[in-house]
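Fit chain B to the known structure of chain A by using the hints.
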Amino acid sequence: MMMPLVLLPLASVFIFGTSKGLHSFWVALTAPEAVFALKLSMVTSFWATVFNVLFGLFAAYVLSRYNFWGRNALIVTISLPTAIPTAVAGFALLLLWGPYGTLGRLLAPHGINMMFTAGAIVLANIFVTFPLAFGVIKPVLDTMSRSLEEASATIGASRWQTFWHVTLPSLRGAIVSGALLTFARAVGEFGSTILVSGNLAGRTQTAPLYIFAKFNEGQIEAANAIAIVLALFSFLIFSVLFFARDWLDVE
Amino acid sequence: MRAKEARIIDEQSDSSAKERAPQIATSVLGIRKRFGKTSVLENITFDVAEGEILVLLGASGSGKTTMLRIIAGLERPEGGRVILHGKDVTDLPARERGVGVIFQAYALFPKMSVEKNISYGLRLRKRPRKEIREAVNRLLSLVQLEEHRKKYPSQLSGGQQQRVAIARTLAYTPEVLLFDEPFGALDTQTRVHLRREIRALLKKVRVPAIFITHDQEEALELGDRIAVLNIGHIEQIGTPQEIYNWPETEYVATFLGAANVLPAVVRSGGVEVGPTLMPAQIDWSRFREGQPVKLVFRPEDVNLSKSDLPPSNAAQLSKGTVEQVSFVGSYERLSVRLELSGTNCGGTSEDPFYLTTETPESQTAKPIVVTRTKTASHGAPMKPGDRVVICLTSFTLLPDSAKNS
Numbered sequence: 670m671m672m673p674l675v676l677l678p679l680a681s682v683f684i685f686g687t688s689k690g691l692h693s694f695w696v697a698l699t700a701p702e703a704v705f706a707l708k709l710s711m712v713t714s715f716w717a718t719v720f721n722v723l724f725g726l727f728a729a730y731v732l733s734r735y736n737f738w739g740r741n742a743l744i745v746t747i748s749l750p751t752a753i754p755t756a757v758a759g760f761a762l763l764l765l766w767g768p769y770g771t772l773g774r775l776l777a778p779h780g781i782n783m784m785f786t787a788g789a790i791v792l793a794n795i796f797v798t799f800p801l802a803f804g805v806i807k808p809v810l811d812t813m814s815r816s817l818e819e820a821s822a823t824i825g826a827s828r829w830q831t832f833w834h835v836t837l838p839s840l841r842g843a844i845v846s847g848a849l850l851t852f853a854r855a856v857g858e859f860g861s862t863i864l865v866s867g868n869l870a871g872r873t874q875t876a877p878l879y880i881f882a883k884f885n886e887g888q889i890e891a892a893n894a895i896a897i898v899l900a901l902f903s904f905l906i907f908s909v910l911f912f913a914r915d916w917l918d919v920e
Numbered sequence: 006m007r008a009k010e011a012r013i014i015d016e017q018s019d020s021s022a023k024e025r026a027p028q029i030a031t032s033v034l035g036i037r038k039r040f041g042k043t044s045v046l047e048n049i050t051f052d053v054a055e056g057e058i059l060v061l062l063g064a065s066g067s068g069k070t071t072m073l074r075i076i077a078g079l080e081r082p083e084g085g086r087v088i089l090h091g092k093d094v095t096d097l098p099a100r101e102r103g104v105g106v107i108f109q110a111y112a113l114f115p116k117m118s119v120e121k122n123i124s125y126g127l128r129l130r131k132r133p134r135k136e137i138r139e140a141v142n143r144l145l146s147l148v149q150l151e152e153h154r155k156k157y158p159s160q161l162s163g164g165q166q167q168r169v170a171i172a173r174t175l176a177y178t179p180e181v182l183l184f185d186e187p188f189g190a191l192d193t194q195t196r197v198h199l200r201r202e203i204r205a206l207l208k209k210v211r212v213p214a215i216f217i218t219h220d221q222e223e224a225l226e227l228g229d230r231i232a233v234l235n236i237g238h239i240e241q242i243g244t245p246q247e248i249y250n251w252p253e254t255e256y257v258a259t260f261l262g263a264a265n266v267l268p269a270v271v272r273s274g275g276v277e278v279g280p281t282l283m284p285a286q287i288d289w290s291r292f293r294e295g296q297p298v299k300l301v302f303r304p305e306d307v308n309l310s311k312s313d314l315p316p317s318n319a320a321q322l323s324k325g326t327v328e329q330v331s332f333v334g335s336y337e338r339l340s341v342r343l344e345l346s347g348t349n350c351g352g353t354s355e356d357p358f359y360l361t362t363e364t365p366e367s368q369t370a371k372p373i374v375v376t377r378t379k380t381a382s383h384g385a386p387m388k389p390g391d392r393v394v395i396c397l398t399s400f401t402l403l404p405d406s407a408k409n410s
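The listed protein sequences derive, respectively, from chains A and B. Residue 670 is where the first sequence starts when you use this note's numbering, and the numbers rise one by one after that. Residue 6 is where the second sequence starts when you use this note's numbering, and the numbers rise one by one after that.
It should be emphasised that the hints constitute simulated quantities derived from the structure, not laboratory data. Even glycine gets a Cβ: it sits at the ideal position worked out from N, Cα and C. Please note that a few of the clues may not be correct.
Using C-beta positions, here's what the derived DEER-type ranges look like [as the list claims (entries may be wrong)]:
{"no.": "1", "chain 1": "B", "residue 1": "Gly334", "chain 2": "A", "residue 2": "Trp738", "range": "54 to 64 Å"}
{"no.": "2", "chain 1": "A", "residue 1": "Gly739", "chain 2": "B", "residue 2": "Leu97", "range": "27 to 37 Å"}
{"no.": "3", "chain 1": "A", "residue 1": "Gly860", "chain 2": "B", "residue 2": "Ser44", "range": "56 to 66 Å"}
{"no.": "4", "chain 1": "A", "residue 1": "Trp738", "chain 2": "B", "residue 2": "Gly66", "range": "22 to 32 Å"}
Facing chain B, according to a computed beta carbon distance under 8 Å, are these residues of chain A, among others [stated by the list, open to error]:
{"no.": "5", "residue": "Ser816"}
{"no.": "6", "residue": "Thr823"}
{"no.": "7", "residue": "Gln830"}
{"no.": "8", "residue": "Val835"}
{"no.": "9", "residue": "Ser839"}
Far from chain A by the CB rule (all over 10 Å, computed), these chain B residues [to be verified]:
{"no.": "10", "residue": "Gly35"}
{"no.": "11", "residue": "Ser44"}
{"no.": "12", "residue": "Asp93"}
{"no.": "13", "residue": "Arg204"}
{"no.": "14", "residue": "Ile287"}
Isolated chain B, as found in the complex:
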């Protein structure tokens, strides 16, 4: 059992930049943007490798749409550079950049047939008629819309319109494809189906792509890497596994999936949560004895048992009482109250549960969320009122920024 510690950020991005260096398709360097007095983007830097799919994930107001529009040339940044395949395009207008944008509502030209929409870029570039015809045929078969070539956008389904929009940009071999919340207008089923289809298509044509979305599930499934954006800055960039399993900030931990966050203190033998000490190996290069931290763990990383013996692969956190059991389809969700409150009258002068925004009571009184698979819940059925031993199979420690600063 070992705590999965976040790695040192600088080192990681340095080494990965070196690995990718020869094939960077798009880089964004220190982009800054403000609207009036409010800063929308602060020093945004990332790059996208050839054939890679990067997802910019953020809530509304995080600045992700503005970032996309800056890359497309539809918005001018106050500072920073946009580089496409080694060429600085920061001062070029949208039409000279050669990027492909898939707009939220696809923005197909309503008075042009599917064919005309797809050939628009080539017609603007005055390509020979024969070349245009061949390109349109090739793209129509790529997106499987051959039989719809004469139709108008209003006669197509949402998914078909989206494929036309993609084909329309692929026609002029774009430097990078930018997707602006492409699945927002569709129902859940179509959305899931389409994003798999589009990912497969993008991997086939190997055009680098940037998606923006607020849907974390979409980001995890679609992206080769995810950049989590929060009010104008990047919280973390990494593969879906890295972002989900090793969140570097509390925002990332709670924005991507559910997470339990408990205030704790680093001790030599492990992590002190209230009156109990959970045994753990501490990365002493990041933490020091007595440092207040946040203990972050996913609902599925909790092991509940009625016996006092913790499983060998998990660390015992505390005892608790099951408060609520609800069935949510493929798994079972339990709400468990920790037995931490009331006993926390030890020698520490500083109450470890105290946070500026929350009272000690509200922190300790907050039940944790646990999910269990069908197999686990069948093996040891639980009902409200049961007393259980709570063990963690995996967790992350984050420096408590509110207390460190």
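Only chain A is shown next, with the shape it has when bound in the complex:
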């Protein structure tokens, strides 16, 4: 069952992409717009990942260590973006930040326009990958023995010293997995970015948007070259994800 559904489509990406020889593959890949699209995807995904890992770490720590009113509601809210269709997410961002949006209307007179920029892509990426790092880090914190942190406190450490020396090192594996997961998801994001970026080639066109645009223009080789890069890239991340926790958690 895996063959026609998953493996064959993937294989045809590679077969098609290289069917006209490595030279034309290389030419398609090094086209300025293609290089730009790949770079833009990497940079916007990077910043979304940095933000979401830091936020996820903070939120996971607070929600797993402290009990307060509305805690469960907060957990649900943080996890909500997983359930929202990406097109809806992009549309929602437009309604907030767009020139006629709730917030955009107030910012526009000051010359600040978030939409149709690289910043908009970062915002969209943050939105759709919001719960991923949190979701990986929190269960690890939940199962971590409280006596480690209590031991650290009785030895004389402040809360911050305990977090830095004791809690954080035990989260290394979870942080790396969470980051890779967020990054992989952000690099491939299409539904929300096509709405908020404006899809301007060489300015706000990410790699998935580039594939879509080139395909529409009938330039199959150009689309295919980037598709191969993205596919290889996700293989790489996936294998790192698979082994990273073992490497990091081994003493």
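Here is chain B on its own, set in the frame of chain A:
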């Protein structure tokens, strides 16, 4: 032959407090704690002398873990004070108290090597690198783990991890060491070996320590003194000998080792158990004629003989029939039924065997447990059905609180 009577509590603790006064390391005064509506600790008071090992012994739910966490500063009491070397630390957070806690699973930092674990306290205190290195070397040799210094906790055995945990707290010269059921996760052999090792180590470094455990054998072997905790209050504090030989309450008597408890009445000539009067000297400052009491005696304090003549050092309790003989390794355990029932139709209006929770039948029908050493059982072998004379070489009388109140 003389009954070992429990001494008057107030007098004893007063005089011992005076003796220890100059060197008290830790005192706990009137600690109270409740979780929601249930009271976990009620007015707990005790102290630990410099270099002393105190064991808090209690069943689960007795509040012993909560007591330990209050001393460590991991839990706040509703009332009472915690004093470490004369300083009131009740309102200080755990990190400013300077106590050492050995957690049940040791709580070694998994991502730090043995060295790093041990030096953690000194690194937090920003001590010079040279001093830290010397301290770590000294502690590693103290706990004999020099060759394991670069290893991580997961590569060590349970006993080794425990020694690292102790060294980690000794590094910053703790006010007191608190051990939370430290041997719970180990097998019996290792446990016995480790507690001897740790006792020797503690006596060497002379740091006062509080252990909590539910294992009475552990408490007897480990403690200089034992405090028996029962649902939030201290039943008795004393040396292992005092606690074992002179239990002040029935709970202590039955929690520490096996004990036979029989309802009895104090008479001028001795102790009346059912139809028989066992000759004994009564401490009239504690008991009055006709007072219902409990006669408590250990299985090893019973002397069985087939002849009618009791040994000179024992008081004759009654006659009985051997019901069961079982071999339990180093000694022999017998179950003996007293010949008390049926004959108890004398003049007493109040049935001395009557307890609110048990019927007279179940009290008198209950066989007593006797243990005999190999020598004793070889000298006079017994089998089920043998009729014997039961004598006590030692016993304790406790006021029957159910009837006095």
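Hint by hint, here is what the structure shows:
| no. | hint | result |
| --- | --- | --- |
| 1 | B/Gly334 x A/Trp738: 54 to 64 Å | holds, 59 Å |
| 2 | A/Gly739 x B/Leu97: 27 to 37 Å | holds, 32 Å |
| 3 | A/Gly860 x B/Ser44: 56 to 66 Å | holds, 59 Å |
| 4 | A/Trp738 x B/Gly66: 22 to 32 Å | holds, 30 Å |
| 5 | Ser816 | holds, 4 Å |
| 6 | Thr823 | holds, 5 Å |
| 7 | Gln830 | holds, 6 Å |
| 8 | Val835 | holds, 6 Å |
| 9 | Ser839 | holds, 6 Å |
| 10 | Gly35 | holds, 23 Å |
| 11 | Ser44 | holds, 23 Å |
| 12 | Asp93 | holds, 18 Å |
| 13 | Arg204 | holds, 22 Å |
| 14 | Ile287 | holds, 50 Å |
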